[in-house]
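Starting from the known structure of chain C, arrange chain L on it as the hints suggest.
Line by line, the protein sequences are chains C and L.
Here full-length UniProt numbering is used: position 23 in the first sequence is 23, and no number is missing along the way.
Here full-length UniProt numbering is used: position 200 in the second sequence is 200, and no number is missing along the way.
I should point out that these hints are in silico values taken from the structure, not numbers from a laboratory.
Each hint should be verified, as a subset may be incorrect.
One copy or two, it doesn't matter: identical chains are merged, so the pair holds either way.
Below 25 Å or equal to it, Euclidean Cα-Cα: the simulated BS3-like pairs (lysine-lysine) are [what the hints assert, rightly or not]:
| id | residue 1 | residue 2 |
| --- | --- | --- |
| 1 | K152 | K41 |
| 2 | K154 | K62 |
| 3 | K112 | K138 |
| 4 | K90 | K62 |
| 5 | K41 | K141 |
| 6 | K62 | K141 |
| 7 | K62 | K152 |
| 8 | K141 | K112 |
| 9 | K138 | K120 |
| 10 | K4 | K90 |
| 11 | K138 | K41 |
| 12 | K209 | K181 |
Owing to the predicted nature of the structure, the values given are computational and were not obtained by experimental measurement.
Number of protein chains: 2
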Amino acid sequence: MAMKLHGHPLSPATHRVMACLEEKGVEYEFVHIHLSTAHHKESFLSLNPFGQVPALEDGDLKLFESRAITQHLAHTYADNGTPLVPQDPKERAIVYVWMEVESQRFDATAAKLSYELVTKPMLGMTTNDAVVEEHQEKLGKVLDIYESRLAKSKYLGGEVFSLADLHHLPIVSHLFGTKTKALFDARTHVSGWGAGILARPAWQKVVEKMKH
Amino acid sequence: MAMKLHGHPLSPATHRVMACLEEKGVEYEFVHIHLSTAHHKESFLSLNPFGQVPALEDGDLKLFESRAITQHLAHTYADNGTPLVPQDPKERAIVYVWMEVESQRFDATAAKLSYELVTKPMLGMTTNDAVVEEHQEKLGKVLDIYESRLAKSKYLGGEVFSLADLHHLPIVSHLFGTKTKALFDARTHVSGWGAGILARPAWQKVVEKMKH
Chain C
1 MAMKLHGHPL SPATHRVMAC LEEKGVEYEF VHIHLSTAHH KESFLSLNPF
51 GQVPALEDGD LKLFESRAIT QHLAHTYADN GTPLVPQDPK ERAIVYVWME
101 VESQRFDATA AKLSYELVTK PMLGMTTNDA VVEEHQEKLG KVLDIYESRL
151 AKSKYLGGEV FSLADLHHLP IVSHLFGTKT KALFDARTHV SGWGAGILAR
201 PAWQKVVEKM KH
Chain L
1 MAMKLHGHPL SPATHRVMAC LEEKGVEYEF VHIHLSTAHH KESFLSLNPF
51 GQVPALEDGD LKLFESRAIT QHLAHTYADN GTPLVPQDPK ERAIVYVWME
101 VESQRFDATA AKLSYELVTK PMLGMTTNDA VVEEHQEKLG KVLDIYESRL
151 AKSKYLGGEV FSLADLHHLP IVSHLFGTKT KALFDARTHV SGWGAGILAR
201 PAWQKVVEKM KH
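So that you can see chain C by itself, here it is in the shape it has in the complex (with noise of 0.2 Å):
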C-alpha cells in the first residue's frame, strides 16, 4: 500500500515532505485535505492533534510534523534515492546541527517574512511592513552566519546536501519570489546555495505538481 500523505497544495510543511518523497523516489498518494471544512478538520484531528497539515500514513503509522516526517523518511528509505541523513556518526551529528538552525533560527524569522510577503497578500490580507522590516534584520544576521558557513562548505550540514538543506526548501522558494531574495543575492554563497538547491529536479517536481 503506497503512503498517504495528507496536506495541502499551498502548505510550506507539506511541499518539506513532498521534496522529501521526491528526492527518496517513493511513490505515495497526496490527499488533499480542506481544513476550512469543518467535517475534514475532524476527521484529520486523529491524524494530527494539532489540527495542521502535513500528517503521513505509512501503514499502520501516522506521523505529523514536517521534520519528523522527512527523518523518518530519511532513515526508512536510506537506501532510496538521495541518501539525506550521513551514516557517518560524526557527520551525522554536524547535519543535525544544522537542521536545528534552520529550525531555531531561520524558519523562526524566515517563515515570518513568507507569511507577511507571501501568504498574506494571497488571501487579500495587508502586510505589515514593521514586521517584515524587523524580521528582515534578523534574517540578515541568520544569513551572514549562512555565508560564513556556505565559504567553507558546499552544503550547510557539510559537502553533500542534506536534510539541513532540504528543510529550507519552501520558504526559500517561497521568499525568492519577494523583496526578501535581496539578503540572499548580497551574499555570494548564500546566493549560490540558495538558487542551487531549488534547481535540485526533486525540487522541481514538487513545483510541478503544485502547479495542478
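Same frame as chain C, now just chain L:
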C-alpha cells in the same frame, strides 16, 4: 579525554544538555562561558557562530544547538544509561514527532513565559503582563493536547522516557516555580508527567550542580 560542555549555569539550553549527560552517566567537564565578556564571546564564536551557549566538544567534534547535542549523545552513547531514543524504527518515528512538538509548539510559547516570569525578574526587568496572558492562553491549548496524549501514553514519545520528554525539562522546571504551574495543575496527566520527569535522579543532579 572527557567531553567539554561549554555553558552557563542559568541557561535552560545548557541544562537540557546536562540532563542528557546525566541520564547517560557520561563524564564531562563544565566550562563556564561568560558571554558578557568580550574575550570569552570572541573565542566562543569558533564553537558556535551564533554566540549562544551551550556548545559541546567531543574529541575533535564541535557541536552546538542543545537538541542536536542531545541527539548526538543519545546515538553515540546508545548503550549507556537511559536509552533516550528507541531502536525500533516505528517507535523512534513517534519519539521524533513529539520532539518536534516540543520544539515547534511547546517551546515556542513556554520559553516566552519562562523569559517573562523567570529571566526578567532575575535580571531586574519588568514582566510584560500582556505577553504572559497571550502565551498562557497559547500554552493552555498545547497542554490540552498533551493531556489527551498522556491519558493514553505514559510519556509523550511512548511508554518510556525519551528525548521527547527530556527536552521539556528546563522550561517545565522554570514554569513550575511560577503562576503558570496552574496550567499544569489543571490537567491531571500533564501535572503527573511534569512532576515525574522533574523527580528523575538525573534532573535532580542537574539542579544540585547548578546551585554551586
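Results for each hint:
no.: 1; hint: K152 - K41; result: between (46 Å within a copy, 22 Å between copies)
no.: 2; hint: K154 - K62; result: between (35 Å within a copy, 19 Å between copies)
no.: 3; hint: K112 - K138; result: both (11 Å within a copy, 18 Å between copies)
no.: 4; hint: K90 - K62; result: between (30 Å within a copy, 10 Å between copies)
no.: 5; hint: K41 - K141; result: between (38 Å within a copy, 17 Å between copies)
no.: 6; hint: K62 - K141; result: between (37 Å within a copy, 22 Å between copies)
no.: 7; hint: K62 - K152; result: between (39 Å within a copy, 15 Å between copies)
no.: 8; hint: K141 - K112; result: both (15 Å within a copy, 21 Å between copies)
no.: 9; hint: K138 - K120; result: both (20 Å within a copy, 22 Å between copies)
no.: 10; hint: K4 - K90; result: between (33 Å within a copy, 16 Å between copies)
no.: 11; hint: K138 - K41; result: between (35 Å within a copy, 20 Å between copies)
no.: 12; hint: K209 - K181; result: within (24 Å within a copy, 47 Å between copies)
The structure shown violates none of the earlier numbered hints.
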